[in-house]
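Got two chains here, separate frames each, mind docking them using the hints?
Chains as they are written, first to last, in our numbering: chain A, 1 to 162; chain B, 1 to 88.
Everything labelled a hint here was simulated from the structure, so no lab data went into it.
Quantities reported herein were computed from a predicted structural model and do not represent experimental measurements.
Worth double-checking, as some hints may not be accurate.
To be verified - Within a straight-line C-alpha distance of at most 25 Å, the following computed SDA-like cross-link-like pairs (lysine to any residue) qualify:
(1) Lys-159(A) to Leu-47(B)
(2) Lys-70(B) to Gln-36(B)
(3) Lys-3(B) to Gly-127(A)
(4) Lys-24(A) to Lys-3(B)
(5) Lys-65(A) to Thr-22(A)
(6) Lys-159(A) to Thr-23(B)
(7) Lys-70(B) to Thr-12(A)
(8) Lys-146(A) to Gly-127(A)
(9) Lys-159(A) to Lys-49(B)
(10) Lys-49(B) to Val-132(A)
(11) Lys-3(B) to Lys-146(A)
(12) Lys-65(A) to Arg-53(B)
(13) Lys-70(B) to Thr-6(B)
(14) Lys-159(A) to Trp-21(B)
(15) Lys-65(A) to Thr-10(B)
(16) Lys-146(A) to Gly-13(B)
(17) Lys-146(A) to Ile-12(B)
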Amino acid sequence: MALYGTSNIAATTPALTAVAATSKTMLQLAAATATLRRAFLYEWTVGPGSVPNATDCELVWSVIKQTTAGTGGVTLTMNAIDQADATAGSVALGNFTAEPTGAETGIIDSLGANQRASYRWVVAPGGPGEIVIPATNLAGIGIRTKSSTYVGNAIVGCKWRE
Amino acid sequence: MHKALTGLGTLIGPWGEITEWPTFTCGHCPNVRRVQPFGDPADLGGLCKICMRVICEQCVGLGCDPFEKKLEREEASYHARRWIEEVT
Numbered sequence: 001m002a003l004y005g006t007s008n009i010a011a012t013t014p015a016l017t018a019v020a021a022t023s024k025t026m027l028q029l030a031a032a033t034a035t036l037r038r039a040f041l042y043e044w045t046v047g048p049g050s051v052p053n054a055t056d057c058e059l060v061w062s063v064i065k066q067t068t069a070g071t072g073g074v075t076l077t078m079n080a081i082d083q084a085d086a087t088a089g090s091v092a093l094g095n096f097t098a099e100p101t102g103a104e105t106g107i108i109d110s111l112g113a114n115q116r117a118s119y120r121w122v123v124a125p126g127g128p129g130e131i132v133i134p135a136t137n138l139a140g141i142g143i144r145t146k147s148s149t150y151v152g153n154a155i156v157g158c159k160w161r162e
Numbered sequence: 001m002h003k004a005l006t007g008l009g010t011l012i013g014p015w016g017e018i019t020e021w022p023t024f025t026c027g028h029c030p031n032v033r034r035v036q037p038f039g040d041p042a043d044l045g046g047l048c049k050i051c052m053r054v055i056c057e058q059c060v061g062l063g064c065d066p067f068e069k070k071l072e073r074e075e076a077s078y079h080a081r082r083w084i085e086e087v088t
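Bound-form chain B, shown alone (with noise of 0.2 Å):
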């Protein structure tokens, strides 16, 4: 589970204190999440069995469609209008 938060928060308060979160991103979207150390890995969100990394619960049950394959269609998407822009 360690391994799957390989981000860092820092939050330095009003009197100079330093909190410090790890953090994880989706799998599935790029939501950004804060995790309190040795926490419940329930409360992550969940594990996708099939791309076997971890979601935030907003992507959880909502079957495995990797980020990758989101940004491809979008770009595809675009690069098929502009084409069709620059054809008419």
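Excised from the complex, chain A in its bound form (with noise of 0.2 Å):
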């Protein structure tokens, strides 16, 4: 069992999603056809990347079930938490200019929360409860964010085990 992480601030180009009124996929874990395997989703944690609006505003952060990557994102570094571990598997996929496919039907999790809030939600590596990506290819999952205000960035980060 090999554990690993990263954040949509994994990439430095091209620049971070702003946030808009339409849903935009922050980062997205998916299977890639040449490693085929399962990924567990074990955490993923979410906030703000500046500073807030003036009006105070909501986010509106989803997990989502997505079948497709999007277009225009890059491939963001994937480490793995025992660095004695092999690269990582899956793949990472992050500042897309063209959202990836997935259904409002495919919500797994929902938070509206503040624009100043920040979420984390876990479970325990290995044991149940973990969101289980299927090892089929660009099959995956996204986190998302909207708001109807906060036109700023959003920092988001994600840890799974293979």
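In structure tokens, the structure reads:
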């Protein structure tokens, strides 16, 4: 069992996707054909990445099942938590210019929170309750956010095991 | 029932206040649900008496279809399509 982690700040270019009134995927974790295997998401963290809007507002977060990679995104650096472990077989993508495919019916978890709030969800790695990504090419989990007013960046991180 | 609450959601509010919720992941789909500690178990959704897992309200009454079986079907479908594409 190897544990991995990444964040949408694990790439400098292109720039982080700004939050908008429609949901924007900040981070996507997906299976890849070349190294096909299941991934077990056991932690995700979200929070604002810019100064708050002068008008107090909300950020709506959702974790959603996705079936394609978005376009214009970049592969994020995936770090093995134990540096002795091999490179991750999944692929983490972020900073898309066009959204990956994912229906609202595929929402796994959602949260409405203040623009100044942050949230963390965690289960014990290897234990029950992990979110499983099937070993199917480009099947994955996306973490998205939207806001009626906030237009800054959002920071999203996740940890998983393979 | 507490054994079913496998996760923890922590919200740090705008003034630094910390709110924690136990969560469970549905045994029939990957939905994550936050629950009130010591709340009414009926509010959780339900307990599948076949696989003995807590399930979310969307899966109640739909029969026992554990998430692992769904994964296996999805992966088998993918591998079959991939095999056909390689052959043709």
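Outcome of the hint check:
1. At most 25 Å may separate the alpha-carbon atoms for a hinted pair to count; Lys-159(A) and Leu-47(B) exceed this at roughly 28 Å.
2. Simply put, Lys-70(B) and Gln-36(B) have alpha-carbon atoms about 29 Å apart, too far for the 25 Å limit, and the pair is violated.
3. As the CA atoms of Lys-3(B) and Gly-127(A) are separated by approximately 11 Å, the hinted pair is consistent with the 25 Å bound.
4. For the proposed pair Lys-24(A) and Lys-3(B), the alpha carbon gap of about 35 Å is over 25 Å, so the pair is violated.
5. With a CA separation close to 17 Å, the supplied pair Lys-65(A) and Thr-22(A) stays within the 25 Å bound.
6. Annotation: proposed proximity of Lys-159(A) to Thr-23(B) holds, straight-line Cα distance about 17 Å (limit 25 Å).
7. Pair hint Lys-70(B) plus Thr-12(A) does not hold up; C-alpha atoms about 37 Å apart against a cutoff of 25 Å.
8. Under the criterion of a C-alpha separation no larger than 25 Å, the hint pairing Lys-146(A) with Gly-127(A) is inconsistent with the structure, at around 31 Å.
9. Between the alpha carbons of Lys-159(A) and Lys-49(B) the distance comes to roughly 32 Å, so the proposed pair goes past 25 Å and is violated.
10. Distance hint between Lys-49(B) and Val-132(A) is fulfilled; the C-alpha atoms sit about 23 Å from each other, no more than 25 Å.
11. Using a Cα cut-off of 25 Å, the hinted pair Lys-3(B) and Lys-146(A) is violated, with the two alpha carbons roughly 34 Å apart.
12. Between Lys-65(A) and Arg-53(B), the direct Cα distance comes to roughly 22 Å. Compliance with the 25 Å bound is thereby established for this hinted pair.
13. Under the criterion of a C-alpha separation no larger than 25 Å, the hint pairing Lys-70(B) with Thr-6(B) is consistent with the structure, at around 21 Å.
14. For a cut-off of 25 Å, the pair hint linking Lys-159(A) to Trp-21(B) stands: about 19 Å separates their Cα positions.
15. Restraint check for Lys-65(A) and Thr-10(B): satisfied, since their Cα atoms lie roughly 22 Å apart, inside the 25 Å limit.
16. The hinted pair formed by Lys-146(A) and Gly-13(B) meets the criterion: a straight-line CA distance of about 18 Å does not exceed 25 Å.
17. The straight-line distance between the Cα atoms of Lys-146(A) and Ile-12(B) is roughly 18 Å, inside the 25 Å bound, and the hint therefore holds.
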